Amino acid sequence: MSTEQGFLSRTFGDSDDLALTLLDNMIWPILAVVILGVLVFVPQTFRSIQLILWGAVPIGLLVLAESLCLLSGHFDLSIGSIAGFSAMFTGMLLGTCPSCWGVTTSPWVGFGVILLTGSLIGLVNGVMIAKVGLNPFLQTLAFLIVFEGAKTAMQTQPVTGLPSLYVRVGGTPNLAIGVMLVAFLVFGLVLRYTSFGQAVYALGSSEVSAREVGIDTERLVIVIYTISGLLAAIAGLMLTGFVGVVPPLIGEGLVFQAFAGAVIGGISLFGGRGKITGALGGVILIQLVQSALNNSPAIGATQIQMINGLVLLGAILLYNTQTKLRSRILASGAT
Amino acid sequence: MSVEDDPATTERETAEEEAAGDAGAAASATPKLRAENVTKQFGRIVAVDDVTLDVRPGEIFALVGDNGAGKSTLMNVLSGVHAPTEGQLYKDGEPVQFSNPSDARAKGIETVYQDLALMDDLDIATNIFMGSFPKRGVGPLRVIDWNATYERSRAIMREQLGREMDIQTEVEFLSGGQRQLVAIGRALAFDPDVIILDEPTSALSVDATRLVQNTLDRLAEEGITIVIVSHNIESVLEHADRIGVLYQGSLVDIMAPSETDLEELNELMTTGTLETGLLDD
Ligand SMILES: Nc1ncnc2c1ncn2[C@@H]1O[C@H](COP(=O)(O)OP(=O)(O)OP(=O)(O)O)[C@@H](O)[C@H]1O
Ligand SMILES: [Mg+2]
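Protein sequence lines correspond, in order, to chains G and X.
So in the working numbering, spot 7 of the first sequence is number 7, and the numbers just go up one at a time.
So in the working numbering, spot 68 of the second sequence is number 68, and the numbers just go up one at a time.
To be clear, the hints were calculated from the coordinates, so they are not data collected in a lab.
Here the structure is a predicted model, which is why all the values come from computation and not from measurement.
C-beta: ideal position from N, C-alpha, C; glycine also.
All clues stand as given, with none of them false.
Some but not every residue of chain X turned toward chain G, in silico, with C-beta under 8 Å:
#, residue
1, Y113
2, D121
3, M130
4, F133
5, I144
Based on the provided sequences and hints, a complete structural model is requested.
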């Protein structure tokens, strides 16, 4: 007898099939529950949906960067640090604060410099990992520390007096939200409809196989980290615009939220699985929790970081459960 | 039900006869693939030692030998993974040089690797067309045509591999034999006239072996030349048109299955000659 459409359901039974689909898309029911919870307990959070989305822009771009790395079976701990360093470095060039360098006041030079800085740092990450063979965890951890340190060494005061056009990109809510949504749209399409995108999934699924089918995996890894750095730099630009100055702590701690967003959004920690739409859901969820915490009279600003940590732990636990369920369903279906 | 049920099983006998007939008729033609005095050394190890070998169009040529005999190395020379240290390759009588697998691919030679090179998280169709996605649109807007990808994978599965499979199934759900088929399907996506197959050393189940062998018979019948490294001598005797025996890097014999048997092949593989084997008895 021949196997036709839907052999999954016939092999494993419809309930398992459904369970697998649910596991792959669990962000949406979770998001629905969180929205309900926020509506009930901190309804004032929803006073401005635009504000929630605007606040989500930097973290959204970082989640996108992390998702790309995770999908390819890699990861990048340095994105928050790259965002902060690129923004601070560029701010020092453009700003008029007492200790600023004040090299230029052209916003266009500013855009170029910030994007180039982030991309270059990402490029070095990629080369160290793909060519020199360093472990991605160690390489990007080192750069997390290096560039956070470099940022602090450069400046410990807010950098002010930035060109208005430079600040306006991230400072205009609808423009900033548009940038994030376009970035997600472009990445969603690129991952789905280009050989590059499918190669990212292939690399994340099996590096050896990817190489054997003729994918230049070293080059791909370098490109992925470079894009990650570029996205982080855009996040830095958006953070700058959101605040109007470059705050000294810019970018710090954001990588963990980026991880949480990507993982809750269904991007596999081990590569090869996950959808960009899910990651966007993860972004909204993370930002919603953030806004609710900010709006909640019961929770002080000093406690937020701790709660963020718990959210990350929750995301990883959720992911763990998902992986276990998956392998159990797989095992029960194996012949 | 078992997903191993094979509609092609009933066609096995006829496929075999025809494949044998084809090979007979083609014996005098230009070899599809020729290795002439090919040697491959890794440092001081001579993995392949002065091998001269003709593979005839449309035949199933099986290469057997003990572990470390040099089978994979010889296959890797034929498929462009390794450049030979010495010697010359010919494709359809024309001298060729491969410095990487893409060069071999350009000449219509596809390889199925010992580890199959599959991506477990991706579905069958994506695995088949990874590296050769059908595209649509123009210029920078040339994008993967998923409809064509699915349609053509389904066609490869149905028409060339004789299987009806849900091509949106992720590869991690497949059995050993089905994984082999997907790997062969990927080779077919490039529309090759030679497929080189280095069979996994880890034994396939009886069903899976039969499935793969039937598939190869079918492809040979279509006119595709198959070079296979096999660890299953019985199956080789049943399905191959000719069998080459490698012993410590040298090609010690080439014969038709009708000229030999299991015992003789095992002896050749382990001792390199038949006389020493007799003395040992
Ligand atoms: N890349 C390499 N570098 C060094 N030596 C190698 C390399 N590849 C193979 N060899 C050596 O060449 C010899 C032949 O190896 P090969 O893998 O071709 O054998 P094989 O017949 O395929 O064995 P098996 O049945 O175990 O797959 C072995 O001695 C092996 O150690
Ligand atoms: Mg081998």
